[in-house]
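Novice: Sequence:
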Amino acid sequence: MSKPSIPQGTRDFSPEVVRKRQYILSTLRQIFERYGFQPIETPSMENLTTLTGKYGEEGDRLIFKVLNNGLHEKKEAEKEKLNAEWQTLLSKPYATPVVTERALRYDLTIPFARYVVMHRNDIALPFRRYQMQPVWRADRPQKGRYREFWQCDADVVGSTSLINEAELLSIYNDAFRKLQIPVTIKVNSRKLLQGLSEICGHPDKMTDITIALDKLDKIGWSGVTAELGNRGIDNDGIAKLEKVIQVSGTNQEQLANLKGLMQESNAGMAGVKEIEDTLAYFDSLNGGASDNIEVSVSLARGLNYYTGIIAEVICSSPDVKMGSIGGGGRYDDLTGLFGMKDISGVGISFGIDRIYDVMEELGTFPEQLVEGTKAIIINFGGDAELYALGMLNKLRAAGVCSELFPDAAKFDKQMKYANKRSIPYVLIPGEEEIKNNKVSLKNFITGEQQTLSIDEAITVLKEND
RNA sequence: GAGGUUGUAGCUCAGUUGGUUAGAGCAUCAGAUUGUGGUUCUGAGGGUCGAGGGUUCGAAACCCUUCAAUCUCCCCA
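The first sequence lines up with residues 1 to 465 when you count with our numbering.
It is worth saying that the hints were derived from the structure and are not from the lab. There may be inaccurate statements among the hints.
[Said to hold, decoys possible] Each computed DSS-like pair below joins lysine-lysine, with the alpha-carbon atoms no more than 25 Å apart:
| no. | residue 1 | residue 2 |
| --- | --- | --- |
| 1 | K259 | K243 |
| 2 | K240 | K273 |
| 3 | K438 | K410 |
| 4 | K374 | K259 |
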């Protein structure tokens with residue numbers, strides 16, 4: 001018998017962990033609801049054609065394909081065809097519907113766009129939705145990266161107003177304050193990046209430039225210079241980029257400088273204005289500026305459907321080394337991919353697995369989360385068992401989380417069980433107690449024990465909530 | 001796709017230049033203790049040393065192959 005195992009990059013969640021994860025989810029849910037967002041859920045699987053071509057070439061390779069079933073029923077004559085399809089599949093892992101026509105969802109944004117298009121007659125635009133479900137990526141797992149992980153997204157479609165951007169940034173701000181994670185929210189605009197590629201003389205190389213710039217924090221300016229050279233940017237262009245990247249200071253100062261540098265680019269100027277307006281809305285919405293928010297020209301974001309404001313959240317505590325724990329942006333025509341034109345959307349995503357890791361590291365989970373069962377009743381078997389069940393009924397009706405040890409096991413064993421489960425109270429209905437219609441209540445933390453009526457015991461249990 | 005590290009009991013790991021019957025702690029079970037847990041003491045069970053091959057009188061250790069886990073780069077959350 002081989003040892004049991006689970007697939008690479010997946011995890012089991014034990015009770016304590018699930019409680020903490022649910023704390024994160026319920027915190028986010030509360031905030032989403034407070035901002036007027038509505039929940040939706042979509043299937044784990046989408047049609048492969050819904051997903052392919054949406055995440056770039058690299059992204060397509062990382063989509064988990066679902067094998068068509070019924071393959072074993074194929075006739076001998078069809079095997080050759082199947083083999084040929086497999087060859088195609090291996091070299092170009094999509095658009096081969098004979099072998100695979102479904103795939104696990106890669107993120108929540110594309111399924112959402114698909115949802116909007118399919119339900120366009122039912123929903124009232126602008127539509128604000130949130131969604132918290134697992135997604136799958138066929139990536140090589142490493143620290144903080146899994147093949148199955150959860151995303152929490154909030155998006156608004158059907159409105160181009162930058163108020164939406166400001167609201168979403170405000171959600172980030174509220175959420176991480178509530179979760180007690182110190183963060184920096186970096187903000188940039190794809191239009192500014194477009195402007196950047198224009199003023200350095202390579203308007204067609206925006207993607208190359210942004211990929212290189214995105215690494216600034218990691219490899220420094222000299223590294224970025226080399227990368228830009230490799231990607232075909234000449235020295236003249238690099239010098240111009242350097243000027244822009246060197247822009248620093250407060251958000252206001254950066255924006256003022258960028259305005260000067262972007263004079264020659266309409267896109268660049270639009271980008272600056274976009275950021276400026278978003279921050280102004282944010283300040284009004286929050287009764288003042290937040291020093292969490294930081295304009296960052298080098299912020300790029302990998303997904304290629306973003307067209308306007310982009311944002312990324314990183315934990316600002318120096319003790320925590322972790323990539324981004326959230327990100328998002330404006331995508332002007334995502335639903336256009338599915339034939340519904342001119343619907344603009346903007347959204348943010350929370351990486352709750354990483355948020356969990358960060359909170360664990362910072363120790364910011366509330367203490368009381370570890371509590372579960374409040375009281376356990378010792379089982380003496382026979383008539384005592386029936387007495388205990390009646391008591392259990394009363395406890396639960398009174399709202400006390402309680403359980404009865406199901407077997408009349410040795411007293412010692414039952415006590416050890418209660419101890420291991422960290423159950424704070426033990427109820428002991430023995431012969432003497434039953435005779436007097438009472439029960440002994442033992443506080444497992446202090447070791448104190450008293451004999452009470454059942455109602456009195458319930459009162460004590462309720463008092464110490 | 002490229003590179004590194006590690007595979008020994010349920011878990012965490014020792015195991016000397018290759019040498020008798022592969023060990024410890026934790027966990028589990030039983031007992032000390034038939035209605036009082038955590039601490040303690042005693043005892044027990046638990047192993048294809050990841051797998052396959054090679055070198056050797058002799059391999060957990062050395063060599064080759066393979067599988068798995070894990071980390072870094074790429075990319076991403």
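Novice: Determine for every hint whether it applies to the structure shown.
Specialist: Okay, the hints, checked on the actual structure:
Among the hinted pairs, K259 with K243 is consistent with the structure: their alpha-carbon atoms are about 13 Å apart, no more than 25 Å. Distance check on the hinted pair: K240 and K273 sit about 21 Å apart at the alpha-carbon level, within 25 Å; holds. Note on K438 and K410: the hinted pairing holds, with a Cα-Cα distance of about 21 Å set against a maximum of 25 Å. A C-alpha spacing of about 62 Å is found between K374 and K259, which places the hinted pair above 25 Å, so the restraint is violated.
In this structure, the one hint that does not hold is number 4.
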